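A.B. asks: Sequence order for the protein chains is D and V.
In this text, residue positions in the first sequence follow the working numbering: the first is 843, and each later residue adds one.
In this text, residue positions in the second sequence follow the working numbering: the first is 784, and each later residue adds one.
Read the hints as simulated data drawn from the structure, not as lab findings.
Note that the structure is predicted; figures quoted are calculated from it, not measured.
Keep in mind that a hint or two might mislead.
[To be verified] Cross-link-like lysine-lysine pairs, in silico, DSS-like; alpha carbons within 30 angstroms at most:
(1) K801/V x K950/V
(2) K869/D x K879/V
(3) K877/V x K869/D
[As the list claims (entries may be wrong)] Far from chain D by the CB rule (all over 12 angstroms, computed), these chain V residues:
(4) V854
(5) G904
(6) A926
[Said to hold, decoys possible] Output of the computed footprint for chain V on chain D, the stretches with three or more beta carbons under 8 angstroms from beta carbons of chain V:
(7) 902-908
(8) 912-924
(9) 983-994
For every residue, glycine included, the Cβ atom is placed at its ideal position computed from N, Cα and C.
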Amino acid sequence: MNDVGSSPTPNAPVAPSWPLEVWRVLKSSNVRQVSYVPDAGHATLIELVNADPDMVCNVLTTEEEGIAIAAGAWLGGMRSVLLMQSSGVGNCINMLSLANISRFPLLMLVTMRGEWAEFNPWQVPMSRASEPALQAIGVRTLRADKAEDLIDIVGCAATLAYEADQQIAVLISQRLIGKKHW
Amino acid sequence: MMTSQALDRREAVIALLKDRGSLLVISGLGSPSFDVHRAGDTDANYYLWGAMGAAALMGLGLAQARPDRNVLVITGDGEQLMGLGGLATIAIAKPKNLTIVVIDNGHFGETGMQKSHTGFGLDLARIGAACGFAESLLIEDLAGVEAARAQLQQAADGPRLYVIKVKAENLPRSLPPRDAIHLKNRFRSHLGMPVS
């Protein structure tokens, strides 16, 4: 077994405030459906949306399911958001044809792994490929490196997606999320 | 299982969609889209021409957005096999207004009729049952299709999966529009939403 290099941290990290702000932005953008493959970076936001009686939440077996769910929701007039980590981006590529060719609004919030204080080399290849792969299939990427920028970026991305019928991925940098604690 | 009495897929889909009322229908790429179009084009149909594996999950998104309407997805065995995990996601989501119908010919019909997993014996209805669908049935005759049709208008305790066994054959194509933006806009207009 590999040495993971550290004992459990004595104090759990303080939960950051940005997930609460993102949840508020999603609420004010009238997002009522959330689909996700869990990620540690999204853990607090996932708790918030699951506790929100006005949001319908779907846990997915693989990220591309959320692209199709969001498309169906838009057909019915509901705004949907998709949460994943960067390793899930690669799973989505062909399914993004659906958002692209139908011009379905799409908002993806992607927490980045493999780019900052990463201990797991397996996260690196898809991390490097995420942004170019999204752009290649026609998804615009907006990158957030600081928590204060993230809130503004998510709000603007929501407008671009739901008002201008665009396909947007907000890439939340690993530096912003912080080091994964083991 | 594939006896000479096996259903004609088009006959099965036409029977299923007879007197469909206010049903909203999404069809999976390939023959299911042709079958649904042949049964009667309406603004309440959304036809997929790609995004294999999407159909049932689009149905879930739509069913959650419109709990006041019954949603029917009609797709093929190959398409549903690609989205097998989606059956788990739908079962957990437990929509009461969503029915998935798999037109199962046991083959990948669009690409040269290669045998699919169901053709090798995989039973999608048992997978649906194991996932926790409220109802998950294998249907092999027209009487079964008629019984399923009656259920489509009813609310259920959870999602339903009907696997309809049909003959493996390539019928004359009945081509729906391929412009996905047109299909999207007319579908949303049908539900009273303006074109953005």
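A.B. asks: Each hint needs a verdict: does it hold in this structure or not?
C.D. replies: Against the structure, the hints:
1. With a C-alpha separation of about 21 angstroms, the suggested pairing of K801/V with K950/V holds against the 30 angstroms cut-off.
2. The hinted pair formed by K869/D and K879/V meets the criterion: a straight-line CA distance of about 25 angstroms does not exceed 30 angstroms.
3. Straight-line distance between C-alpha atoms of K877/V and K869/D comes to about 24 angstroms, which keeps the hinted pair within the 30 angstroms bound.
4. The claim that V854/V lies off the interface is violated: its Cβ sits roughly 8 angstroms from the closest Cβ of chain D, which falls inside the 12 angstroms cut-off.
5. With a least CB separation of 23 angstroms from chain D, G904/V remains clear of the 12 angstroms interface cut-off, as annotated.
6. For A926/V, the condition that its CB be more than 12 angstroms from all CB atoms of chain D holds, with the nearest at approximately 31 angstroms.
7. Coverage of the segment 902-908 of chain D by chain V holds [criterion: at least 3 residues with CB-CB distance below 8 angstroms; count 5].
8. With 10 residues bearing a CB less than 8 angstroms from a CB of chain V, the segment 912-924 of chain D meets the requirement of three and the coverage assertion stands.
9. With a threshold of 8 angstroms between beta carbons, the proposed coverage of the segment 983-994 of chain D by chain V is violated, since 0 of its residues qualify and at least three are required.
Violation of the numbered hints given earlier is confined to hints 4 and 9; the remaining hints are satisfied by the structure.
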